[in-house]
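> Spelled out, the chains give:
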Amino acid sequence: MVSPVLLIVIPLGLAFCVPLIGMVSKRFARFVPVVACLFNLVVSVQLLPAVLSKPIVVDLGGFGAPFSINLFVGPVGILFSLLIALAGFVVSLYALAYIDKGPTTRYHTLYLLLLVGATGVVLTGDVFNLFVFFEILCISSYVLVAYRGDKDGVESAVKYLIQGALGSALLLTGIGLLYGLFGTLNMAHIAVQAGSADPIPLFVAMALIVVGLGVEAAIFPLNAWLPDAHSSAPSSISAILSGIAIEVGLYAVVRMVFTVFGASSMLSFLMFLGVLTLLVGELCAFAQSNIKRMLAYSSIGQIGLIIFAIAIATSGSITGGFFQLVSHTLSKALLFLAAGYMIYRSGSMDISSLEGMGKRMPLTAFAFAVGAFSLVGLPPFAGFPSKLLIIRGALADGGALLALLVGLVLLGTVIEGAYFFRVIQTVFFKKGDGETARCEAPAIALVSMFVLVALIIVIGVYPSLIIGVLNSAASELLVRADYIGRVLG
Amino acid sequence: MRSIAIIILLAIVAVGIGVALMAIPFGVAKTQVGDHYTESGIGDTGASNIVTSVVVGYRAFDTLGEITILFVAAMGLGAVLAGGRKLGQRRDVEPASLILRTGCRFLFPLLLLFGAYIFIHGHLTPGGGFQGGAVIASAFLLVYLSCPGRRVSKVWSQTTESLGALTFVVLGLVGLTVGGHYYLSSFMPHGVVNELFSAGIIPVIYVAIGLKVGSDLTGIIDGMMEETI
Amino acid sequence: MSFLQDYVYYIGAFGLVLIGLFIILSRRNLIKVIIGLSILDTGINLFLISVGYISKGTAPIFSKPGLVAEDMVDPVPQALVLTSIVIGVAVLALALALAMRLHKLHGTLDLRKIGELKW
Amino acid sequence: MIIFVSLLVLIMLVAAIAALIFRDLLSAVIASCLVSLLASILFLFLQAPDVAMAEASIGAALITAVFVIAIRRTDRYEE
Amino acid sequence: MSLELLMVVALGGSLLTYVLGRVSSRLRNGFAVLVSLALVAMVASLYGKALHVSYYEDFLGMSLVLRVSGLSWLFAMTASTLGCLSVVFSLSYMKGKERTSFYYSMLLLVNAAMLGVVLSGDLLSLFIFWEIMSWSTFLLISYNGGPALAAGMKYFVMSFVGSLAMLAGLLTVYGSFGTLEFGGVAAGMLSASPGYILAIFVLFGVAFGTKNAIWPFHAWLPPAHSEAPSPFSAILSGILIKMGVYGFLLIIFVLVGLRNFMALGADGLPLHTVLSIVGAITILFPTFMAIMQNDAKKLLAWSTVAQAGYIILGISFGTSLSVAGGVFHFVNHAVFKALLFMVVGTVEYRTKGVRDLDSLGGLIKKMPLTFAVALIGVCGLIGVPLTNGFVSKWLIYKTLILERSPFLALVALFGTWGTILYSYKFLHNIFLGQLPEKYKDLERAPMTMRLPMTVLSIVVVLFGVLPGIPLSVINSIDTSFGLKPLNVTLWGLASDTGALNTINILAAVFAGLLIVWLVLKSGGRKVSVDQADNYAAGAAIPKDKYQYSVGFYAPLTRMVAPYLKDFMDSFYMRLAGWVGGLGSGIRRIYTGYVGDYAMYIVLFLAALIFVQLTWSPW
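Protein chains in written order, with the numbering used here: chain B, 1 to 489; chain Y, 1 to 229; chain U, 1 to 119; chain H, 1 to 79; chain R, 1 to 618.
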């Protein structure tokens, strides 16, 4: 069996190779991320059955559990790494055609490193190691946001960087407090001791860590960087930021709250926060006229929904949360990719400039529509089972408070439906003035979009394909003792 | 008004952290992991500098991530500044005074040597790849300051960067296949403690790191200097 | 005196952290904010190192015979801080590069005036 | 000893506040460089020579150089 | 005939239609007609069968079931027939328009989704098809662009609110009973508490009521019906909104059970009374709205809302007579309203998109057949004897009288008077009066339009003369609900409280006609003079001065208009405005100054710490 560490190391090594290859041939360097993501995809799929039967703990260096850094490859980790590899693969295909200007070799290197950082965050079992990989993820996304070097891009990158650096600083302070309290950095080792620790210092450490990670996870009110960054980045990067980066941040928050701290008392607060994030995101998106900003705010809303679902902390709702995460990654990536070429062709990010795109680029517009339908949660697309699972999980509890929150969530969904369908109307049914010539996106970009379309429909119709992974992921989060036992032996 | 609000907020945060610090008394050993490192660090890795054995041994994976971050920063700096640069157009700054130039020419090899010394002896004395790399970068900084026209070859610095990082990755992979089947396991003989050629893969990695960090930081300075406004 | 003995490093460390935060929150100039980040980083590093300190400990290096492992200060925070310093320099360098680009594009570093992306 | 350390900490904090106050960015950078240098001395007192070296060479020297370059390319004074 | 095959044909046909459209439009048209015909045949062959298949064993732990019962057969049959006729009608209506492949494929998809809704055997697959129906309908409504966009948006938002309420309801049901199959749910409902049933009923009622456009959820319907392409308006008005009726029937009689349903609600104000009052409001207010409309399709749309009120009124009484009346009225309304929308579509097609009642007129001379079918349709709508509307309205009136609800009966009667007014306006302003000059060269409707209209008008008369045909089917539905069976004869209904026999009416009508003919015959010879043969001050009056169509019912309109504001609609619009305003307000927190953003981060941290230190809730 292959070692899961290859999921991180091989793409990392390839990323280091990209500049060297780029010196020889720039055209060739473009394909390295594709190869790396494909490799990760294959390895993740290969690891999947083994991981589902028993999580793999990888000891890096071979010094024994709390002493060396370890990777914990459980269902959650493998789910995320699959998702990262998949989204990364699709987006790197898209970027082959889309990224045609500027320092392309650097783009592909940084893109690959971003994915490595994300994979590292989700697989690691060590708090500080998580911080390190988190920084890889963040720093490469700062750069990629500014990749175009235009006014908006640099401005939003600077803002993103300041907020991200502030978050990282808080995170590091929190890790320092944790180390001071427990004298260890291994998640499982901390988790064992967390129960018996002094509650106040533990809470302060947790607050620092959750706030620090929450900046990347775009929890309200820490998400002010997101609309700027997602809207000014190149669309391929927006897709990855929206589809992967914030989800990974969310993963980190969830892992900390659930596994490391076991803070079940925080969950109801997180639930409220999730609903608040959802409503703020959807309301702001509703008032947007810039398509990418709208999509960015919608990501905030979706993250809120995922937080809400996971914070309910029943097996059903966490499964729903993870399902929503999967469907959000696929759909939002698709939306950004499709919007990317529509913006590229029309030359403006204003929604009204997309009029008539349904005729000028029908396939791209179709892909956009599928993404929007799925995100709104309409059958038979992937967003439907996830919404179903979340609401089923929330209502199964039967509490009046949860029912109220579900009502608010549904309200948010209605708002989301309204603004997405407004865009669909604009794209398909408004007669654009002037240009009517066909200008379809290039073939390779269409291939990448239609891979996502196919996945969205297949998952929407056969949710049982992934439900097994999601269920074990939910139980991994819920059963802390398993995690601890597996790592510490 | 704003300042007052900020002060109030920071005061709350300070109180919170202060309360938390009550549980972390200063100067008292509280660690379980650190004790193990100091006690068996030499046995496990063969480095007499325990910090080095932690950085490149126990927590080598962190270090791999760390050099990646530096790589990202150097790469990204180039990407960010590339947008504003027109090739072949450099500022013609009058060269620095003769004294400065001569002094730099004299100091430059010495600094390089010093940096190399630091990272080669990382497992024995304080210092290591990062410190050594920084010293090397400051050597280049001196050159840049004294002779603004001179530049390090992009190809070479890029190659050093990539190869240094690749060495790290590949060494880890070798460890995965031969030594104990752990990624980054110390598969080379530890040798005699406190000798230069000891501590298994640590010196090798530190040399790679030193070169890589040196060229990374040089690249960063280079990028900043080269930016034409 | 014993108060100083116990807390002076913590005070120094969190003093830096708070001053750094204050700079980030209150200053409008981007370079100043980046200076704030650098001070914040330094403060956190100092805090991490003081967490690992053991009274009357020695540096964790077996440089001469007669050193005992029990007396050594904790090496882990030192390793972490090494990493953190390098991360800090990476972020700061990137931030400064972005600041230079920003200045070129917007003609100012006043963050209040750089607010085209909003709402 | 502790008095000396306290003095260093005091100077360090004063330098940090100076960095906060100075309108001249170059002076502010020098002040923050001083902060780093003093921190690296404190690292030495805390028995962390490795870190002290790193902080001195990277935190104090290189970062300051990068700051100075950046300030030369942009505005020197805070508005 | 297996149900899965039927669904596969329906859904696959829609998909394939689009693909074929890429190849050749002629092929596609043929294929679309073929698919819709095949569906009619397949549904017809299901008559009287009781099938039950589980087509998807494990959808997130729930099994999806298709089944057919008498009720669903009736709805499926109506849906597929209307779908087929509408496809045929579209053949010429859509000629030369753009994006026709998309149109046909969506039309068939709506059709398939409706079949899916009525053939579903569990709530989840009902919901899935319901949603597919909603979004495909949205796409079709928006198809015309321009004002249709706002209409589509309104439709989508309201219907989405409804379906989400339904989702919440069905998941609550799943949470308590662990199954979503109708049988299991019904069994669970037997022992459920009234409060619980009421909550479920309200959640589902919002969904069904929105689709059925009963007051106060009607606001989407008038714009949607008037802006959609006319063949689709026929489907929309004829069958799609009746999915709400299906839903009500399902939840009242199949899931909750009549006995439970009648016991719901407060003591003085039981739920079924509330429902019938809502039905009455839905009759009264839209009727007057319809009278005031000057847009032919808007008029029909408001009339649809009003007629939906009759259906709800019928169902809410829960006696075998009233349910039969409601269900029969649904069938009838589907037939004549689809017919009328097709009439407007024909007119629109020939006059190049004119449907403003003020500027039409006199088309009887150009399109006699269209006028004839319109007359039949209008008679059905009013409920003139020997048309189908008469029978169903008779059943409803009879219920109201038997149940001693004079007030509701008065409202229903009032509604009928109003119906007469707007129906006449409709008929007159389009077909009677003067033919405007510009329509001199109008041709008669093309074959593919006349065919479906003729079929529908024949059905109107057939069901009016021989109500026993549909009533026997409806009677079997009644019995399957556990109601007392009616004594249905081919010519009507026999019961001890009063019988309906269309033979008598037929005889009376023929006798009346004979008398009228005799009277006319016996009168003196008439000289027919051209209407324009007319002078004022020595000059011929221009023909267009004789336009009677302008300002029809102007005095009445002046009288009632100030009191008849669709305040629910303006409420919804204001709500949407508030939401937009709220969004614009909230997004101001993203000020663009990064110092503020950093402040939020520290503020959040400080708030967490402060709360914990002060109250320590966590």
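Since the hints were derived computationally from the structure, they do not count as laboratory data.
All of these numbers come straight from a predicted model, not from anything done at the bench.
Do not take every clue at face value.
As the list claims (entries may be wrong) - Label pairs and their calculated CB-CB ranges:
1) H:L7 x Y:L100: 31 to 37 Å
2) Y:P189 x U:S63: 17 to 23 Å
3) R:K97 x B:L363: 33 to 39 Å
4) B:D100 x U:S63: 54 to 60 Å
5) B:S475 x R:T591: 40 to 46 Å
6) R:E98 x Y:T159: 37 to 43 Å
Stated by the list, open to error - Computed footprint of chain B on chain U; a stretch qualifies when at least three of its residues, placed anywhere within it, have a C-beta under 8 Å from a C-beta of chain B:
7) 3-9
8) 54-65
9) 75-82
10) 85-92
11) 102-114
The beta-carbon is built from N, C-alpha and C at its ideal position, and this holds for glycine as well.
> Now tell me, hint by hint, if it's right for this structure.
Status of each hint after checking the structure:
1. H:L7 x Y:L100: 31 to 37 Å: Because 35 Å falls inside the window, the suggested range holds.
2. Y:P189 x U:S63: 17 to 23 Å: 22 Å, holds
3. R:K97 x B:L363: 33 to 39 Å: 22 Å, violated
4. B:D100 x U:S63: 54 to 60 Å: 56 Å, holds
5. B:S475 x R:T591: 40 to 46 Å: 43 Å, holds
6. R:E98 x Y:T159: 37 to 43 Å: 58 Å, violated
7. 3-9: n = 0 at 8 Å, threshold three: violated.
8. 54-65: violated (count 0)
9. 75-82: Since three or more residues must qualify, the claim that chain B covers the region 75-82 of chain U holds, with 3 doing so at under 8 Å.
10. 85-92: Check passed, 3 qualifying residues.
11. 102-114: holds (count 4)
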